[in-house]
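Q: At position 757 of the sequence shown the residue is numbered 756 (numbering that gives the first Met the number 0), and the sequence of numbers has no breaks.
Hints listed in this document are in silico derivations from the structure and should not be mistaken for laboratory results.
Incorrect hints may appear among the rest.
[Unchecked claim] Derived BS3-like pairs (lysine-lysine); straight-line CA-CA distance at most 27 Å:
| id | residue 1 | residue 2 |
| --- | --- | --- |
| 1 | Lys-391 | Lys-419 |
| 2 | Lys-465 | Lys-281 |
| 3 | Lys-597 | Lys-577 |
| 4 | Lys-118 | Lys-391 |
| 5 | Lys-14 | Lys-380 |
| 6 | Lys-465 | Lys-483 |
| 7 | Lys-380 | Lys-465 |
| 8 | Lys-14 | Lys-60 |
| 9 | Lys-726 | Lys-695 |
| 10 | Lys-61 | Lys-106 |
| 11 | Lys-14 | Lys-375 |
| 12 | Lys-465 | Lys-419 |
| 13 | Lys-483 | Lys-391 |
| 14 | Lys-710 | Lys-668 |
| 15 | Lys-639 | Lys-577 |
| 16 | Lys-465 | Lys-375 |
[As the list claims (entries may be wrong)] Just the calculated beta-carbon pair ranges, DEER-fashion:
| id | residue 1 | residue 2 | range |
| --- | --- | --- | --- |
| 17 | Phe-541 | Asp-505 | 16 to 26 Å |
| 18 | Ala-756 | Asn-18 | 25 to 35 Å |
| 19 | Glu-593 | Phe-753 | 33 to 43 Å |
| 20 | Lys-39 | Ala-575 | 12 to 22 Å |
Where is the CB? At the ideal position from N, CA and C, for every residue including glycine.
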Amino acid sequence: MAKHLVVVESPAKAKSINNYLGKDYKVVASYGHVRDLRAKEGAVDPEHDFRMTYEVIDRNKKHVDAIASELDNADSLVLATDPDREGEAIAWHLAELMREQGHLDDKPVYRVVFHEITKGAVQEAMAHPRDISTELVDAQQARRALDYLVGFNLSPLLWKKVRRGLSAGRVQSPALRLIAEREEEIEAFEPTEYWSIQADLAAPAEDGELAPFTAQLVQAEGDKLEKLSIGDGERAEALRARVEAAASEGRLPVTSVEKKQRKRNPAAPFTTSTLQQEASRKLGFSVSKTMRVAQQLYEGMDLGEGTVGLITYMRTDSVNLSAEAVEEARQVIGERYGSDYLPDQPRAFKSQSKNAQEAHEAVRPTSPARHPDDVKAKLDKDQARLYDLIWKRMVAGQMSHALVDTVTALLEFEAGWTLKATGSTVAFPGFLKVYEEGKDDAGDDKDNQLPPLAEGDRPELAEVRKEQHFTEPPPRYTEATLVKRLESYGIGRPSTYASILSTLQDRGYAELQNKRFFLTDVGRVVSRFLTNHFTDYVDYEFTARLEDELDAVARGEADWRPVLRRFWEPFHKQVAEKEHSVTRAEVTSEPLDEKCPKCGAGLEKKLGRNGQFIGCSAYPECDYTRPVEGEAPEPEVTDKQCPECGQPLAIKHGRYGKFLGCTGYPECKHREPLEKPEGTGVTCPQCGEGEIQAKKNRRGKVFYSCNQYPKCKYAMPNPPIAESCPKCGSGVLMDKTTKKYGREKVCPNKECDFREAFPEDEQEVAGQGDADAPAEERQPVNAKSK
0 MAKHLVVVES PAKAKSINNY LGKDYKVVAS YGHVRDLRAK EGAVDPEHDF
50 RMTYEVIDRN KKHVDAIASE LDNADSLVLA TDPDREGEAI AWHLAELMRE
100 QGHLDDKPVY RVVFHEITKG AVQEAMAHPR DISTELVDAQ QARRALDYLV
150 GFNLSPLLWK KVRRGLSAGR VQSPALRLIA EREEEIEAFE PTEYWSIQAD
200 LAAPAEDGEL APFTAQLVQA EGDKLEKLSI GDGERAEALR ARVEAAASEG
250 RLPVTSVEKK QRKRNPAAPF TTSTLQQEAS RKLGFSVSKT MRVAQQLYEG
300 MDLGEGTVGL ITYMRTDSVN LSAEAVEEAR QVIGERYGSD YLPDQPRAFK
350 SQSKNAQEAH EAVRPTSPAR HPDDVKAKLD KDQARLYDLI WKRMVAGQMS
400 HALVDTVTAL LEFEAGWTLK ATGSTVAFPG FLKVYEEGKD DAGDDKDNQL
450 PPLAEGDRPE LAEVRKEQHF TEPPPRYTEA TLVKRLESYG IGRPSTYASI
500 LSTLQDRGYA ELQNKRFFLT DVGRVVSRFL TNHFTDYVDY EFTARLEDEL
550 DAVARGEADW RPVLRRFWEP FHKQVAEKEH SVTRAEVTSE PLDEKCPKCG
600 AGLEKKLGRN GQFIGCSAYP ECDYTRPVEG EAPEPEVTDK QCPECGQPLA
650 IKHGRYGKFL GCTGYPECKH REPLEKPEGT GVTCPQCGEG EIQAKKNRRG
700 KVFYSCNQYP KCKYAMPNPP IAESCPKCGS GVLMDKTTKK YGREKVCPNK
750 ECDFREAFPE DEQEVAGQGD ADAPAEERQP VNAKSK
């Protein structure tokens with residue numbers, strides 16, 4: 000009989016930790032949260048000091064019972080849930096449940112935390128247990144209560160004023176406002192024409208061969224030329240001709256050369272948000288996929304010598320590193336890259352977040368000596384790529400700075416007329432030998448290398464060009480840039496970014512197209528309603544201040560009930576007032592400065608079942624309607640090429656939504672889905688010929704259907720499993736995950752009620768794995784490949 004019962008959150012984590020503890024310990028999993036607020040009105044009672052009513056989550060009841068049974072035969076309870084607020088809350092709920100059910104009696108309860116699942120870290124944590132932190136628990140309870148109060152009061156209002164099935168959230172709504180405001184900026188943007196004058200020149204390189212370079216006209220007639228100084232083609236041509244005429248014998252004089260050397264320092268190791276941003280830029284991972292793969296690396300992989308965690312805990316806002324990890328990284332750098340790449344002193348980084356928990360560490364490899372090449376064969380492709388990114392970022396952060404030589408050459412061919420050429424070369428790569436941070440929405444800013452130039456040189460002039468440009472609107476947010484923007488406002492926390500982005504898409508407020516967030520008609524209406532009528536609650540500073548207050552609770556500097564009271568009282572009054580003072584028509588209609596051609600009344604932009612349309616304000620007396628003119632934006636050119644003619648493909652809008660079409664239309668009529676359906680490897684049970692594919696409907700929702708459509712119209716809402724139903728004989732089952740039942744195998748036949756839970760080792764931890772991932776990221780299960 001085990002003397003000590005250890006509870007962690009996931010079975011994978013339990014398996015890893017079991018390897019490090021002796022026979023006196025039994026490690027079991029809670030499978031995530033065990034209790035939550037009752038899913039009914041009144042679960043948080045403001046009238047009784049925000050009393051909360053909890054209930055055991057249905058899908059985890061059997062796991063709670065298993066923990067209780069094991070605890071009856073143990074001498075102590077060790078709570079080893081994750082080292083953050085949510086982990087602390089799970090530990091508290093477990094202890095309270097066991098106490099209420101009479102399983103604890105006088106048995107001691109210990110709380111242990113570790114930030115990496117390695118033998119040393121686990122044994123060190125077990126040797127230094129502590130009590131459950133009431134401050135962290137209070138902060139998590141306050142967050143949950145606030146989210147509940149907002150959801151149970153504001154969401155029903157949206158149902159009444161907009162449409163059923165919508166929701167508003169404390170952090171989700173400001174994020175939606177960011178997307179909506181960016182869309183408004185883009186729609187209001189008017190491009191400005193401008194021109195530049197470029198001179199293509201050549202000068203001898205070090206090997207004697209002519210090396211081309213480009214110089215731009217930066218001064219004309221004594222005036223400095225700014226970006227928009229040349230506003231039309233006529234003036235551009237006059238300036239171009241003047242430069243060309245000034246070239247004596249086809250050459251232009253170099254009048255000054257300035258050389259500088261600058262240092263570039265490495266980026267800090269990853270926090271949750273910077274990991275999500277960089278994985279989006281470099282690997283193309285969604286935020287939820289990054290967290291799912293990071294969870295696998297954290298919980299442990301079997302490398303042939305037992306299971307070991309490869310990275311530290313992935314939900315953190317700290318950039319701290321342990322002294323041991325830094326020393327190990329410095330040894331690796333010295334051995335692999337030489338002493339020139341090792342600075343005299345270790346680098347220390349300061350967290351940007353004022354609320355960063357400095358006791359935590361950054362996301363880093365548990366052992367920097369474990370090179371990505373050493374573990375690649377034991378990991379799948381996504382795991383290997385993410386581990387490689389985390390390893391390089393951490394190791395590069397402890398390397399020497401890079402030295403970059405910059406050169407600026409001026410060619411003043413007449414008083415008041417100057418061309419400028421710039422270039423740079425890496426003199427010493429330093430940390431760049433291992434890693435360089437990615438950029439968001441970067442232009443063509445690659446370093447150009449100039450040939451050796453000196454004052455008095457006369458490079459050859461090949462051509463003087465005038466180039467037309469237009470200013471561009473701000474780009475739509477990617478997942479990376481939206482997380483970055485939220486973090487800059489202090490909105491959201493490491494554990495919430497993935498769920499915020501998923502909820503915006505699940506509710507149909509925004510769609511990801513070409514990895515950019517596009518605002519939907521429903522998202523536009525909801526954001527306008529919240530911004531106009533609940534201004535404070537979508538205000539960025541208000542939301543950030545509330546986050547700060549909750550962080551103060553976690554630090555023990557504030558009581559949680561006054562924080563809730565200050566929020567609840569004005570919010571509750573405002574909800575009640577808006578329910579009576581705002582009509583549905585007012586929310587879903589937007590007056591236009593245009594008269595109805597049928598009756599003369601004003602026209603409005605209205606929200607209908609299939610999106611926005613223009614209709615008469617005198618409805619139902621007048622039934623005039625028409626599509627929204629100009630609603631579809633100009634085709635957005637992509638970097639994909641037409642397979643038929645080689646011209647670029649563009650995102651276009653048609654009767655059934657967005658698609659990719661050739662920019663050579665009408666000469667080339669090639670078109671294809673915006674996102675090509677993904678195969679599942681599962682044969683269609685209806686026709687027996689086609690393959691079930693993952694597709695998206697016009698609203699971005701994923702469904703699964705036969706690739707023989709329209710010949711075969713078989714479809715299902717969840718990923719298929721290549722197994723027959725044991726009850727009705729249906730050729731496939733579905734992989735379905737719900738909050739109530741967890742992950743199950745379900746028969747797609749509506750007449751059949753077969754359902755069966757997945758084996759426990761295939762279940763995901765609630766809130767940490769596929770159960771919370773968007774449907775498009777849940778993979779179908781092909782029994783043949785198992």
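Q: So, for every hint listed, does it hold in this structure?
A: Going through the hints against the structure:
no.	hint	verdict
1	Lys-391 - Lys-419	violated (37 Å)
2	Lys-465 - Lys-281	violated (35 Å)
3	Lys-597 - Lys-577	violated (34 Å)
4	Lys-118 - Lys-391	holds (24 Å)
5	Lys-14 - Lys-380	holds (23 Å)
6	Lys-465 - Lys-483	violated (37 Å)
7	Lys-380 - Lys-465	violated (47 Å)
8	Lys-14 - Lys-60	holds (21 Å)
9	Lys-726 - Lys-695	violated (30 Å)
10	Lys-61 - Lys-106	holds (22 Å)
11	Lys-14 - Lys-375	holds (21 Å)
12	Lys-465 - Lys-419	holds (15 Å)
13	Lys-483 - Lys-391	holds (21 Å)
14	Lys-710 - Lys-668	holds (23 Å)
15	Lys-639 - Lys-577	violated (48 Å)
16	Lys-465 - Lys-375	violated (50 Å)
17	Phe-541 - Asp-505: 16 to 26 Å	holds (25 Å)
18	Ala-756 - Asn-18: 25 to 35 Å	holds (26 Å)
19	Glu-593 - Phe-753: 33 to 43 Å	violated (56 Å)
20	Lys-39 - Ala-575: 12 to 22 Å	holds (20 Å)
Going through the hint list in order, the structure does not satisfy hints 1, 2, 3, 6, 7, 9, 15, 16, 19.
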